[in-house]
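Student: So the sequence lines, in the order shown, correspond to chains A and B.
In case it helps, our numbering puts the first sequence at residues -19 to 343.
In case it helps, our numbering puts the second sequence at residues 55 to 314.
The hints are simulated quantities; they were obtained by calculation from the structure and are not laboratory data.
For glycine and all other residues, C-beta sits at the position ideal for the given N, C-alpha and C.
Be aware that a few hints might be false.
Here are the computed lysine-lysine pairs in the DSSO-like style, where the Cα-Cα straight-line distance is at most 30 Å [to be verified]:
{"no.": "1", "chain 1": "B", "residue 1": "K249", "chain 2": "A", "residue 2": "K209"}
{"no.": "2", "chain 1": "A", "residue 1": "K209", "chain 2": "B", "residue 2": "K305"}
{"no.": "3", "chain 1": "A", "residue 1": "K209", "chain 2": "B", "residue 2": "K141"}
{"no.": "4", "chain 1": "A", "residue 1": "K259", "chain 2": "B", "residue 2": "K305"}
{"no.": "5", "chain 1": "B", "residue 1": "K159", "chain 2": "A", "residue 2": "K98"}
{"no.": "6", "chain 1": "B", "residue 1": "K182", "chain 2": "A", "residue 2": "K259"}
{"no.": "7", "chain 1": "A", "residue 1": "K98", "chain 2": "B", "residue 2": "K182"}
Here are a few chain B residues that sit away from chain A, every Cβ distance over 12 Å (derived from the structure) [to be verified]:
{"no.": "8", "residue": "N88"}
{"no.": "9", "residue": "G92"}
{"no.": "10", "residue": "E131"}
{"no.": "11", "residue": "L134"}
{"no.": "12", "residue": "E158"}
{"no.": "13", "residue": "Q210"}
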Amino acid sequence: MKTAARSRFARIEGLPIIVVSVLIIGLFMITAPSVFLRPEIYTSTMLSTAPPLILLATGLTFVIAAGEIDLSFPSIIGFSGCAFAILFKLHGLGWIAILAALAAGVLIGFINGVLVAKVGIPSFIATLGTGFFWNGMATFWSGGKSYALRGVEDTSVYQILVGNLPIGDPATYVWYSQISVQAVWMAAIVVFLWFVLNRHRFGEHILFIGDSNDVSRVVGVDVDWEKIKLFTMMGLLAAIAAIMLTLENRNYFGNQGQGYLLTAIAAVLIGGTSIFGGKATIVGTVFGAVLIYLMEPGLVAAGATAETVQIMRGLVFLIAVIFYLFMDEPARRRALLARFMIRTSSGPAKPAGERPAQPTRGS
Amino acid sequence: MTAAMAESASFANIVRLAGVQKYFGAVHALRNINMAVGRNEIVGLIGDNGAGKSTLIKTITGVHKPTSGRIFVRDKEIDLDAYSVGKAHDLSIETVYQDKSLGEKQPLWRNFFVGRQIVNRFGFIDVKKEKEIANDILLNTIGFRGVGISVDSTVQLLSGGERQGISIGRAMHFNSDLIILDEPTAALGVKEVRKVLDFVRRIKESGRASIYIEHNLAHVHEVADRLIVLDRGEIVAEIRPSEMTVAELTKYLINIQHER
Ligand SMILES: Nc1ncnc2c1ncn2[C@@H]1O[C@H](COP(=O)(O)OP(=O)(O)OP(=O)(O)O)[C@@H](O)[C@H]1O
Ligand SMILES: [Mg+2]
């Protein structure tokens, strides 16, 4: 049966973005073979600098799946990174600086969650506010200075969290000796979070909350508490990203998180997570992040400027969102087709997407 | 569930409300409600749109906290501050809501178990087992055979009747002592209405209780042991259907309306 085969094919998680990523990377291999046909772009470049983006996008997948948004994570990166850099460099606290940075992320995320779930501020507004606040706090604490972490390569913090895997001889520059430790951490966290979203009670609750807060309450989901956990988790992931960034750059600067706001959100939505919540794919997000990431070297190698990269990212983002909108919402798709006078069914039967309106009183 | 069943001999009323009031801001949705449901009684709840029927049952199921008043389950008073939907489930109270009680974009198997998933001690769901049970409910309890609906189908693809079937199948599976039905026949075809009424009868036969909200008087009259009439948040009459025909009942209700 045609539909059975089609639905089995369509059931591969993140399929559209996987296809598009493969096509675009294939295209880059043709336009910039010197870059994209060599392993280094994927191993030493991507695996050492893309993990923060992928982690942030994975966290945002949960947030968007719940029908919420977090705009404060770039500032969490700023503040947690600042906490880490100052405690590490000025106070020589080593691993305690790591714990402090993680704790800062958890605390900020928790506050976001309380503002959204208990105080009832829409997350868009709440996290916009806390984003300003913590960005200011980070600048205040760091005095607006950047902190270079010279000699950090020799510490256990660096070697365990970032740096290269101890395989092969790094001096020979074979590709597998260039695989970064943070890529391994990132992969472990992402795989774990895939199971949380798809196999854990928390993930199921997040999907139902994104579907409808009212339905979730009625079936016994503690909506407020799950949302607090959600924003707390996002805070923690942002803190991990901050530590990775600061260590990888061997430098802290206040704006290090700002570039991630649009790219991380774009990665999630390009990946196929629904902008309306209730439906999410971490596989899609990872491919979305890889695509967003590789567009820069890909376009630059083809002679494009930074502005062009931005324009192209914006375009891909919009095209993807529109594509999923019409894929996911049969009623919308039919309305569009109808506008162009394309008949999809015989007879004047009304589309199945339009159900008789149910009384919604008393919900 | 089993613990609740074991105690079943020792109580008279599965649920009793005493002086329950509910305000939504300035809206006085429930006024001094006193009512009880026997442990093997089908109580029909009738009244106009906005009378407060849904609000009343949502206080029983832990969705809304009453502004004041007391609620007893199996003759024991419950702590309303700690009451919740989860607690109501634990007390073996199950609801089929009039408006959506299913996650639209979620597969059926998740909808059957959400809120009380089969999990290991780390909270990870036993997907295989949940799907097996869901499939069994689908085939044997609800009787969806050969209609192209599987446990992986999402709710948004189902018709209104099929949705009601899913909710009812869920209630039946969890074997509750009190099953609350909020307009389960709304937007259903004749055949599906029959199924729902049969289900209400089965609740009675199996020794359990039900509160059944319904606008169609013929339907409640057919299955209820007792009817409670709600008007603007107040109980205004209690009727035994055996003492009146449907026509008399209709007239009686119209008269009540005029008097007030
Ligand atoms: N969550 C809420 N917030 C504010 N007001 C509410 C809420 N739920 C119900 N109400 C109000 O309480 C009153 C009773 O509503 P309810 O839904 O209980 O009526 P009902 O008897 O179930 O009506 P219907 O037959 O239309 O389902 C209405 O005036 C309604 O607007
Ligand atoms: Mg109602």
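Student: Is the Cβ of B:E131 farther than 12 Å from every Cβ of chain A?
Tutor: Non-interface label stands for B:E131: nearest chain A Cβ at 22 Å, farther than 12 Å.
Student: Compute the least Cβ-Cβ separation between B:Q210 and chain A, then decide whether it is above 12 Å.
Tutor: For B:Q210, whose nearest Cβ neighbour in chain A is about 8 Å away, the distance does not exceed 12 Å, so it is violated.
Student: Would you check the hint for B:K249 and A:K209, treating anything up to 30 Å between C-alpha atoms as holding?
Tutor: violated (42 Å)
Student: Below or equal to 30 Å on CA atoms is what counts here, so check B:K159 against A:K98.
Tutor: Given that 30 Å is the threshold and the Cα spacing comes to 26 Å, the pair holds.
Student: Please work out if A:K209 and B:K305 have their alpha carbons no farther apart than 30 Å.
Tutor: violated (55 Å)
Student: Could you let me know if the closest chain A CB is still more than 12 Å away from the CB of B:N88?
Tutor: Its Cβ never comes within 12 Å of chain A, the nearest being 21 Å, so this holds.
Student: Between the alpha carbons of A:K259 and B:K305, is the straight-line distance 30 Å or under?
Tutor: Outside the cut-off at roughly 50 Å; violated.
Student: Measuring Cβ to Cβ, find out whether B:G92 lies farther than 12 Å from everything in chain A.
Tutor: For B:G92, whose nearest Cβ neighbour in chain A is about 26 Å away, the distance exceeds 12 Å, so it holds.
Student: Find the nearest Cβ of chain A to the Cβ of B:L134 and say whether that gap is larger than 12 Å.
Tutor: Non-interface label stands for B:L134: nearest chain A Cβ at 16 Å, farther than 12 Å.
Student: Non-interface claim for B:E158: all C-beta distances to chain A beyond 12 Å?
Tutor: Nearest chain A Cβ is 6 Å from B:E158, so the label is violated.
Student: Is the hinted pair A:K209 and B:K141 satisfied, with a Cα-Cα distance of at most 30 Å?
Tutor: holds (21 Å)
Student: Is the straight-line distance between the alpha-carbon of A:K98 and that of B:K182 30 Å or less?
Tutor: Violated - the C-alpha atoms of B:K182 and A:K98 are around 35 Å apart, more than 30 Å.
Taken one by one, the earlier hints fail for this structure at numbers 1, 2, 4, 7, 12, 13, listed in ascending order.
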